[in-house]
Every structure is written in structure tokens, then in C-alpha cells.
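Position chain D against the provided structure of chain U, taking the given hints into account.
Protein chains: 2
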Amino acid sequence: MKRYLTVTSLDAVHDLLRKEFACTPSVEKITLEHSVGRITATPVFARYSVPEIHLAAMDGITVRSEETREAGEQHPVTLAHAMRVNTGNVVPKGYDAVIMIEDVWVDDERFIIRKAAAPWQHVRPAGEDVAESEMVLPSKHRIRPHELGALAAYGITTIEVLNVRVGLIPTGSELVAHGTRPSPGQVVESNTVMAAAMLSSLGATCIQYPMVKDDPALIRAELWRAIAENDMVIISAGSSAGTRDYTADVIAELGEVLVHGIAIKPGKPAIIGRVAGKPVIGMPGYPLSAFTVVREIVTPLLRCHGLFVNEPETIEAEITSTIHKEIGTDEFVLAALGRVGDRWVVSPQSRGAGVQMSAVRANAYLKVPSALEGFEAGETVPATLMVPRADAENALLITGSHDPVLDYLADMLGNNNIDLHSTHAGSMGGILALKKDECHAAPMHLLALDGSYNTEYLKKYLPGEELVVLCVAGRQQGIVSREGVTFNELPGHRFINRQKGSGTRMLLDFELKRAGIDPSSVRGYGREATTHLAVALAVKCGEADAGMCVYSAAKVFGLRFIPVAQERYELVIRKSNMDDPRITALCDAIASPAFREILDRLGGYDTKETGVRRALP
Amino acid sequence: MKRYLTVTSLDAVHDLLRKEFACTPSVEKITLEHSVGRITATPVFARYSVPEIHLAAMDGITVRSEETREAGEQHPVTLAHAMRVNTGNVVPKGYDAVIMIEDVWVDDERFIIRKAAAPWQHVRPAGEDVAESEMVLPSKHRIRPHELGALAAYGITTIEVLNVRVGLIPTGSELVAHGTRPSPGQVVESNTVMAAAMLSSLGATCIQYPMVKDDPALIRAELWRAIAENDMVIISAGSSAGTRDYTADVIAELGEVLVHGIAIKPGKPAIIGRVAGKPVIGMPGYPLSAFTVVREIVTPLLRCHGLFVNEPETIEAEITSTIHKEIGTDEFVLAALGRVGDRWVVSPQSRGAGVQMSAVRANAYLKVPSALEGFEAGETVPATLMVPRADAENALLITGSHDPVLDYLADMLGNNNIDLHSTHAGSMGGILALKKDECHAAPMHLLALDGSYNTEYLKKYLPGEELVVLCVAGRQQGIVSREGVTFNELPGHRFINRQKGSGTRMLLDFELKRAGIDPSSVRGYGREATTHLAVALAVKCGEADAGMCVYSAAKVFGLRFIPVAQERYELVIRKSNMDDPRITALCDAIASPAFREILDRLGGYDTKETGVRRALP
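Line order of the protein sequences matches chains U and D.
Be aware that the first sequence starts at 42, since it is given in our numbering, and climbs by one per residue.
Be aware that the second sequence starts at 42, since it is given in our numbering, and climbs by one per residue.
Excised from the complex, chain U in its bound form (with noise of 0.2 Å):
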């Protein structure tokens, strides 16, 4: 079994690239039409003048300033030189004005005016808008895309910018090809593509190589090519400790390990070894580690390769939850980042490594340094854009139960340019979120003894405070199967439950004991998930036989589906914040017709009284 010997801090590791791999950055030639968003590897100077030389400003007549000076509105003056031109035409040598059209009497091809004109007026002066030589962009500079304009008209054709040319290997005999549909056990490889698509977003030329099984021969073969065609090479998976692990063994042999293991999650498994005099980096295989690793060690390490990259805006905010962590570790944590009245509030996401969900819908991301045990909720932390700043304040934080409808009124927002961000807490999670303050609605769908929902929580844990209640729909739970189990013949067949305090479970419990279940006799009672879908996949593999869940969880999975009881899925929402047009925005998709059609298509519904508010207390 292999080990890891140390781990390096991610401090360490920068001062390490900065030492070992800081270079001169390679230069290539680009047309015009392709610098956008590229950076200037030297100064680019205009090849002439612009204009070159004098040009009228209006449309007139070009003239001699002093044949003009006499001219008063009781002294026309009758022109000796004077020449018809349009904005734009030049203005001959001996001409040094030109009079607007407007203030000119042409008789018998003669011009008369009225009025001196002052030596140079509407002339447009040779090199008003650059010189010859002069310094057009400085070296270090990113193109914007209005600046092709000027570049063009000062004749510049190509521009030399900086490049790192980095090289890719995905390695891992379990691969398939992205579009490719994996069989059990199958990876499509996508760590590759995802890293190729952030380095050329920051400048540098990424070439893919071929996939490469686990065979170290193979992979040595791939590397020594990709070392001669590139400034630097990824080897994607591989980079663990594990039997099958090749990337550090044939980086050794071709050059030299410098650090395996980075006290960073997730990319602890992370490689930086040197070959030929450049820079080798083990990229780990799960995600959320490869998409770290990318953002906090090839990035900084392109830097060193001269490509200048921004580091991101951080926003100040209250953390609602609390996170733990080791410490000699620097944790990055995924979140929801969003402003609720006048402060920001940042949500972590699920922290599992390979789910990527969690980076496609976080627009942020939090760095728990390595010196502290974790955060503590409630603490002011910087969290990092992932997004423009003007999406993270059009941010739309919904924390509570999940439904996939959320999902479909995000895409509904999408049209109002508000991004929702769903937090998955659960309805308890989601009433403690809005008495903290800390999202803008809270879904919900919570059964009291006496049969209805919220209200008696609302009241309980809310007292006194102004909520508006807006029912999303009824929403149908019943029981998911492959073979069509209905709820009375629970006892005999193998069940998966929810975990304790969810909704669902709350509701299993109650109609267990209106129909005088003993839950004991209910086989799996103790077995829980997390999630509806989690529940459906359970049944879905044959781990159980029957579980309870919503509609569409069942229908993901093609699974029968008997309904039990139609339970109240609400979003409650302060009323105070009822005028806020994310607020009004969302209430208004949820009113809307489109909507319901939605409701209806997906089945599993009960439309009647979606879109229904009413107040509390």
C-alpha cells in the first residue's frame, strides 16, 4: 500500500510554483478578429496617423481663415478660395477652415458668407486621434472587444499576445468518451473538458489527448508527447495512492515528484512533479477535486507562466450554516450567495467531492483557511463570485423542502434574469432559515396532528411575525414500486424510509397509524434516505421493494406509483419582503397559467388552489 509521505500546504505549493516554474511566458501571433480576451505579450504601436493628415468636420465649404475676416451680417464677403467638401474629405494645403453648409450663399458658383471663421474650425486635425508610433496598448493588457475598432483603424493586422499551451491526458481504463453512454461501471470522461474549457477561458491553447488505459507504459508513452508539444501537461486521475494508480510512479521516472498530497479539500490526491523543466500536475479523478485543483493550482500556476488572470471579487457575507473541518487543511466549499434585505447571506452546498451539481449551481464558493476548525453560522465570511456580481444581487434564495418545481421556476425566473438558488434543508431547515432571516422563501410541507399543514409550525416557531403563505400545489405522496405495493401491504415487503423529521416521514407515521401499521412490522422501517430520488433509486435497484415519495421521483425511474395522501407543498415568505421584484417575480410565475401546464405535464399535482396566498398571523 502506498502513502502519501507529506502533505504541502497550499501556501507551500504556491510559493513552490512561483520558485520553481516562473518563466517567460510564450508568445504567439494572432490575427485581429481573434484577440478578444487575449492578453498583449508586447506594446502594439499605431503603424500611421490617424488621420493622417487635416479632414473637414462637417459638411461646408473648406476656406483661407483670413479671406474671412471681414465678413460680418452686414458685410458679405464673396469667397476668392473656397472648395465644396463632406465630413471627412481633406482639406487642401492653403486651407486652414471649413464653414458649415448651413451658413454659406452659393451664388453663381460662388461662395458668400456671412461670418469670419476662426483659423482650424470643423477642421479635424492630422494625428488627432493617435500618432504615428505612439503606444496604442501597453504589454499585459486584455483586449476588449471595442478596442478591435481603433486597432483596426491604426493598421494593425496581428497582435502578439501571451499563450500557455497546456496539454490534457485523461487516464483510467474506465473511461468512455464524452457522448458515449456509460455502461455499469463506466465514466464518461469529462474532467478533461471541464479543465480545458476554464484554462482557454483564461487564455491558454489546450490540446486533449487521446485517452489512456491504467497501464504505465501507455501512459509514460503519452506524457513524454505531450511534454514536447506543451508548456506545461495534466494528467487527469491517477494521482491517488491506490493499486491502480500510475500518474506519480511515471512522472518520477521521467523527471521528478516535487509534492503528492495538497493539504487542500477536495484535491488532496493532487500531483506536482517536473519534467524536461516543466510543469507536470496529477489531477485528482473525482469533480469537485479535479475542478479545485484547476481553480487553485493551474490557475495560479499560469500566472507564473506570465497570463495574467484576475483574481475574483470575494463579497463579504453572514454564513448560514456551520461548517467543520480539519484544521491544517484549507477547505473550498461550494454555496448559494445571495442578498436578503440589506445584507448578503452565503449558503453552503453539499460538500461530497463528486457531485458536480453542487459547482453548476453554486454561484460561489467559500475558502475555510487551513488555521480554523471550520466557520460558525451566523459569522461574516468573504465568499468568492462565480458569477458577475449584478447575478449574484439578482440571487433568489429559496431554502427549505426541495421540489423538482423549484427547478422549473428557475427556469421561468430565468426570463426576469433572476437566478434561484435552492437550498436543500428540509421544511424544518427552511422555517429556521426565515425566522433567521436568511433566505426569501421557504418551502414547506409540514403535517400537524390535526391533518393540516404549516400553520401549527408557522405559529409555533414564527409567533407573532407577518408571513404570507402561498401554496406551490397539493402534492401527491404515495408509495414507489416496481410491482405495484400499495400502502396497506407495507408489512411483508422490504421498505427504505426517509430519515427522521423530513416531511415525508412525518406523514409515513401518521398514515401508518390511522391505518393501525405497527412501523415494526414494516421490514427496512430503520433504513433511511435523504432524498425522494434517493428512495426511488433504492427500489428502482431492487434494494427494496417499496419506499414512499413523490410522484415524480417515481416517474424518473419508470417505477409504479400508488398514492397515499396529498400533502401541502407552500412557500412562506415575510411580508416584509413581499415587495422585493424577485419576490413579486416568483409569486407571479407561480400564479401564472404556464405554470399550472407545467404542474399538469409533470404530473402528480393538485393545481386547485396553486397559487392561493393567505397571511399570518
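Source of the hints: derived by calculation from the structure; they are not laboratory data.
Incorrect hints may have been included.
Intra- or inter-copy, both count: the list cannot distinguish identical chains.
To be verified - Below are the DSSO-like pairs computed for lysine-lysine, each with C-alpha atoms no more than 27 Å apart in a straight line: (1) Lys-649 with Lys-596; (2) Lys-408 with Lys-477; (3) Lys-134 with Lys-596; (4) Lys-156 with Lys-366.
Computed from a predicted structure; not experimentally measured.
Same frame as chain U, but now just chain D:
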């Protein structure tokens, strides 16, 4: 003479665009690899669950947890069912946990454990990342680079994105193609290059049509073709009311002109028309007018066509000089924005619509609203960013007398990621900016009666202030001419002077007095140009025989230069700003051998005292 009958306000234009052209966006199907930065037209759903089946999350053995229940430190259990698995391997049916390899003892190919395994420990459950048919991206979402990994992993190979096809027709008989050196009176066609780069970066697809001469029949034919092939068309130039401006007529023939003349500056002669139901924009020919029309008219029009474009960020800043304008027109002024001490300041730049360099140099712009007569110096006004906020935070503001070496310093500072913005205000303007703490450093060369530079002026205008004066270089001023005119030969030649108050004018007067030459004997003494380059150009073009300027200006145009005097070009900085990392970097650059080499190469500078500092008082 054609006239604008009415000029429409910008707000009215925006209303009209929304009313007349709000339409369903075009949809284009593209491959995943090309999707970064594009906006989803429809929601994107996962093709299958990831993972589709339970996988090992660790290297070790997979077991049936019930068989492990009795295991303990003193009670090893030999497992009846167990299989070796690596991370990512399938957990077979019937197995429900993984034990890490380091907790396993192997004896004769049988596995022994000393600790019970919890059900589902170290198992990555099916659907953990994403469930089949789950919504991955809503519509109207701008695709971020890192999302390509998730999309690839979820089986997504093509994406429907929003698209607006924009046809660009350059018109004008004076045009030559980009890459051709224009003869006098010719102009490089650059406005559609600029428009295409800007609109493409917002997600539009631009087609550039060939250049068309000023001939209504030809323009008509090209417009008809472009209308058939695009969602909107921009006709570049010919939108004014001159004798060769056919854009409005052609639009009226094929459709209708909705607006001719918009109350904006620059950009007034813009046209909004409709042909076959599609918008046609007449874009004025002056580069900054064209830029403004693309930004203020075409970009909102993209929004009407469903293409989501974020509003740029604004920053409240103190304006350093007064802007006067007419009521009734929205005026846009390019500006240099930066942070001096703890406040943002913004300096308006040249307002000439032909000076494209202003847009290259600017990092922000100001909108002076229609209802106002302008902004007063010192007012706090919103400045719209043209760069990422981080770049504006790093802006180094230099206000005062300009010299080309400032461009070279800007180039050197690029290595520190500092943006040097130089506002040309003359030496006295620099003193004023320094007094009001509106810049980081002020370059100047102010000659006192005793022949010393700068000190007397600083004592007079900034009495008692703690300042650091840093010598950039000794700078030669001399007589520029085609034929080698000397200072004493000035009487009898046609002269071009600099404006009153400029350092060069003061130096000329000082030297004339010393030489006993009467200014009135110098023909053209009263004729003023405002820059060194303008003086050299006037000589180059034969409008004058001689002028006084710095060596670099003479060199640009290949003119003769006879030195007259050496002046001290110095940079003045408030002592309190000396610790600012931007100032430190600036001082380091000036003191560097690389900078001396540049000065020596450019010629006309004395580097003996370059980098020498003195303190005041």
C-alpha cells in the same frame, strides 16, 4: 439640405425598441465544446443518473454489512462474502458497504475484519450527483466554463442556445479594408469590426457584408440580402443628413424609418428602421458615435430579442472636472476611474467623437443625463465600468503634463497588474489635481524665473504640503523643422506656438527673452497648438516652418530637431501616498535600469537624474 425633423430621446428609443421589436429569440443548436458564454434557450436535462449504480467510494473490499455486525477488536470476523474493489468500482447487488483496505487482513484469500461496517458506508449511491431527467441548467443561463464537465458527464453533447444573427453592412466610397494602408482621404473600415467584436462577445452571431460604395442601389441590394439572412441589420455610416447619406432613404424605400436622430452625444445621427419586420440600425460613421450606438441602442435591442446581457456595474465617484452640455441630450463621456486614498475619483477624457484612443484609454464612462446641464467638478456621479472592478481598483491615476514615456511606464507596470491611466491636463492641471488629491502622481515641468523647475510652483500652490518630487528625466526641448531651422533663425520663419500656460510656451518665452528676440518678430507666434505632436504635425504638413517641441515628437515624423534647452520632467506625489503599492511599483519602474534603457533608446532624454528624489517642504 435634408434635416432631422425630430430628435428622439434615448428613453423614448428604448421604449420603442421594447414595443416594436420584443420577439421570440432565435435558437441555435451547438456542440458542448462551443457553448461557453452562450445562453441556454431551453432547460438542459440529465440524460441518465450519475452514477447509474452504487459505486465504491474507497479502495478496499465490498461486504454485506449484516455479516460484519459481530466484528470487534477482540472478535475478528472472517467474511463469507467479500470482494476486492477500487474507488469507482461497481458495488454488486447484495452488497451494501465498503471497508477500507487498511482495515482488512487477508488470510489465504479470505478477508478478516475487526470492526463492523455501517450499511452504505463508503458507498457512492446511484444518483448521488444527478438523477435521470433532472434539470441541470434552466433556460436563460449563461454557460460557465466549469459547467462543461458536468454537462459532458451527464451525456449532453449538444445544447440549444439563444442566438441573434446580426448583419453588418459597411458603406462609404472612402472606405478601404482593414489591413490596407489608407491614402489621404481614405478611411479604414473599422466600425463594423468593432461592432462585430462587441456583439459577438454578448452572444450574437455577426455576418460582415462587403463594403458598399455610396450608391443607393448598391446599398439597397445589400440590405435586402442581409435582411433575408439575419435577425437584425446594422448599416454603418451614411446615417447623417449630408448629400451622400443614403441610409435613411434606402430603409424608407424597403420599409420604414421609425427614428432618425437620437438625443445622444456622441451618436446623434443614428437611425432606427424596420424592414420586413426586422430592425435596421443606421450607425453613424464617427468611431465613438458608432461605439455609443452599439452600446446604448444595439445592446438593448439584443435584450429585446431575448439575449440576456447584464447591465454593466457602476461605481459612485467624485468627478475631477466640470462637464457642460446641452439640456435634452444624454451625453456619454469616456473617463479614467480609480481609487485615490479611500475614495473613487473619475476624470473625464477627450469628448471628440473621432478620438477612438479615448475608448482604448478609458476604463469607465459617464452618462450625463438629458435633464442636466452637466456635472460640476467635485460632484459624486455614477461611473460605469468598462473593465472588471478589480482592474479599476488597480488603476494608477496620473494627471498633468503628458510625455510618451508615461506609455512606457504603463507598459512596465503591466507586469504588476497595475493599469496606468494618464489624464492630459498640463503641468498646472497636475498641480491642481494634486492639490485636490484627485490623482496619485502629477507629472510637470514648470520653469520659474530663476531657471529652476517645479519647486517654486509647488511652494506657491501647495504650501506646507508634504510632497515627494521624483525626477523622470531631463527632457530636451528644441526647434522642430523640415530644414533645420535654429532658435535664432525663428524670426523670418512661419512658426506654430503652444498654448499659453503650457510648460513649452513658458520655456520659449524664457529663451526668447534671454536671446533678446521680440516675440512679435516671430510670424505665427499667436497661432496655438495644444500638444507636442500637433506642433510637429503642422511642420510636417507644411503649415508652419518651425515650432518648439520635445525630441520624440520630431522623431515620430522624421523631422529635424535642434535642441534649445533641457527641462526637468518630474513626477510629484503626496508623501502620504508613497506606501501605496501602485506608487511603489511606479517609483521602482522609474528607478530601474530597464527604464533608463528605454529613455536612451527613445532619445531626447538625459537620464543622469532619473529616479532621483527630493522632499518638499
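Checking against the hints above, which ones are violated?
none
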